[in-house]
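> Note that the protein sequences, when read in sequence, are chains L and H. Just add 58 to the spot in the first sequence (first one is 1) and you have this note's numbering. Just add 129 to the spot in the second sequence (first one is 1) and you have this note's numbering.
Worth flagging that the hints you see were computed from the coordinates, not collected in a lab. Incorrect hints may appear among the rest.
If you want the footprint, here are the derived chain L segments under chain H, 3+ residues with CB under 8 Å [to be verified]: (1) 84-91; (2) 163-172; (3) 175-189.
Cβ atoms here follow ideal geometry from the backbone N, Cα and C, with glycine treated the same way.
What follows is the residue order along each chain.
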Amino acid sequence: MLHRLAVYSALALLSLTAFSSKALADVTFTVAPNSGSLSTTANGTMLESTTAVTVTVNNTGSAAKITFSEPACISCETADPQGTTRSASLTFNGNTISQPGETLDIPSGETTVQVQLRVVRPVMFRAGTYTYGVNLSVVP
Amino acid sequence: MLRRALLVSGVLLSGSFGFAGIAGANTATVPFSGTVNAACTFTPSATPGTLNPVGTSLTPNSISGTVAVPMVCNGSRTVTAGTITPTGTTPTTDITTTATVGAGSTAGTTNNAAVTATDTQVTVGLTAAKGTGVLPAGTYTYDVNVTATP
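Chain L on its own, in the form it takes in the complex (with noise of 0.2 Å):
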């Protein structure tokens, strides 16, 4: 009986190993500062980062790729309206994706890539504080 256990968990267990690293590294993610700012733009319709935000990436395993999802509000004045259209974009060493699910990639150790946003509305944005944010991941 506990042959046979032992056996189990060692083929479980090597599969397991075996799935964790080929499906994501093992990568953190710590964004400093806290926050980006956006300021809007004069006619009003556009808030964009003021500067990018430094993410820093601490990949402890072989290289990886990350990417990032649309921007999505997390507190705002008053929701999208219909035809908004929000966009980021990441930059790590001179290399730019600006569109959720292209990818960038990410060697060995830590680094840092830079983070950008902007929201465009078909009309003004209403008077208030608003709060977007963008996702960033690892993909196999």
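The hints should help you fit chain H onto chain L, whose structure is shown.
For chain H alone, coordinates are given in the frame of chain L:
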């Protein structure tokens, strides 16, 4: 035995899928925040408002008129009719001008009006009056500066 091993491995692998999906280390949300201040954008027509003699006298001592100014505001502001500038050959001697502004389609009675994001226009009124006597014959043209402030 092999079948059991595969079964156990499969169960554990399913668990690992679940773990990988919820692990936070491989994802991060980068927040951006900003404040939008209230502002108004005015789009005055190229066609000026018309000034007409006040009253029925053929020799009026004042003329007055209004003009609608379309606008878009994203919050509450105060619209003020400020500097009045005579242009062209407008007579200016002993003539006093006053401007009023109102939200909507009436010019109001003061030089300022509170507006909100739902207002789509202000109406600006202008009066030019001779201090003594009648207005001299001529063409009277003025520009009125309109501003929106907190």
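> Could you check the structure against the hints above and give me the numbers of any it violates, in ascending order?
Per hint list: single violation, 2.
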